[in-house]
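Here the structure of chain R is known, so what remains is to put chain S in place on it, guided by the hints.
Residue strings, one per chain:
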Amino acid sequence: DAKTTQPNSMESNEEEPVHLPCNHSTISGTDYIHWYRQLPSQGPEYVIHGLTSNVNNRMASLAIAEDRKSSTLILHRATLRDAAVYYCILVPSGSARQLTFGSGTQLTVLP
Amino acid sequence: NAGVTQTPKFQVLKTGQSMTLQCAQDMNHEYMSWYRQDPGMGLRLIHYSVGAGITDQGEVPNGYNVSRSTTEDFPLRLLSAAPSQTSVYFCASSWGQTNTEAFFGQGTRLTVV
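Sequences listed follow chains R and S, in order.
Numbered according to the numbering used here, the first sequence spans residues 1 to 111.
Numbered according to the numbering used here, the second sequence spans residues 1 to 113.
Each hint should be verified, as a subset may be incorrect.
To be verified - To spell it out: a stretch of chain R is covered by chain S in this simulated footprint if at least three of its residues, at any positions, have a beta carbon under 8 Å from a beta carbon of chain S; those stretches are:
{"no.": "1", "region": "45 to 56"}
{"no.": "2", "region": "98 to 111"}
Said to hold, decoys possible - Chain S residues, not near chain R, derived (Cβ > 12 Å throughout):
{"no.": "3", "residue": "Gly3"}
{"no.": "4", "residue": "Thr20"}
{"no.": "5", "residue": "Leu45"}
{"no.": "6", "residue": "Ser69"}
{"no.": "7", "residue": "Thr71"}
{"no.": "8", "residue": "Ser80"}
{"no.": "9", "residue": "Ser84"}
{"no.": "10", "residue": "Val113"}
Rather than coming from a laboratory, the hints here were simulated on the basis of the structure.
Every residue, glycine too, gets a C-beta built ideally from N, C-alpha and C.
Looking at chain R on its own, in the form it has when it is part of the complex (with noise of 0.2 Å):
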């Protein structure tokens, strides 16, 4: 299976953009880019995704490299509540939906 390389941790001033890398040099044609995000003490939720195409939703902005090998979650304006671990995980087309996760970056988001 394809593996993502993300920072172990970053850090935001609130209300400034946030950018979030992922690296994935091993991705296939098929591969559908998912992030969720998992705030203390709760389950994973789900961000975006997308395929190939950048994609915005009222959460947060996907932006996809022309390879595909990499991409970058974008929160627009960060908030405290913001403050989570992201992950970044490949979903093979035609897959069960079984989700690999990763250790994914710890978001802090400073006042």
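What follows is chain S alone, placed relative to chain R:
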């Protein structure tokens, strides 16, 4: 809309005891799965189900059993609890397509002493 509901939220077991962690979803999702999360680590897949009557093993299935008699419920059974099973357990559900999101429960924190 309750989403994915896990019970209990907390449980302490003695080594060798058995118990069942409950998971129910009200979204008519086909896929359900169980994960465990040890301190400071990501989630690891224990068992999953692609529909009623169909289950399969994930990455760490030893010591756990599952069954799926209805679409809504996917219980996880610990046969003989061991301290190594101390963890936080999460249940998730989703539609079948890979371009849809998974919904997670709030977790069951299990301690085996």
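Okay, the hints, checked on the actual structure:
no. : hint      : result
1   : 45 to 56  : holds (count 4)
2   : 98 to 111 : holds (count 7)
3   : Gly3      : violated (10 Å)
4   : Thr20     : holds (19 Å)
5   : Leu45     : violated (5 Å)
6   : Ser69     : holds (19 Å)
7   : Thr71     : holds (15 Å)
8   : Ser80     : holds (26 Å)
9   : Ser84     : holds (19 Å)
10  : Val113    : holds (21 Å)
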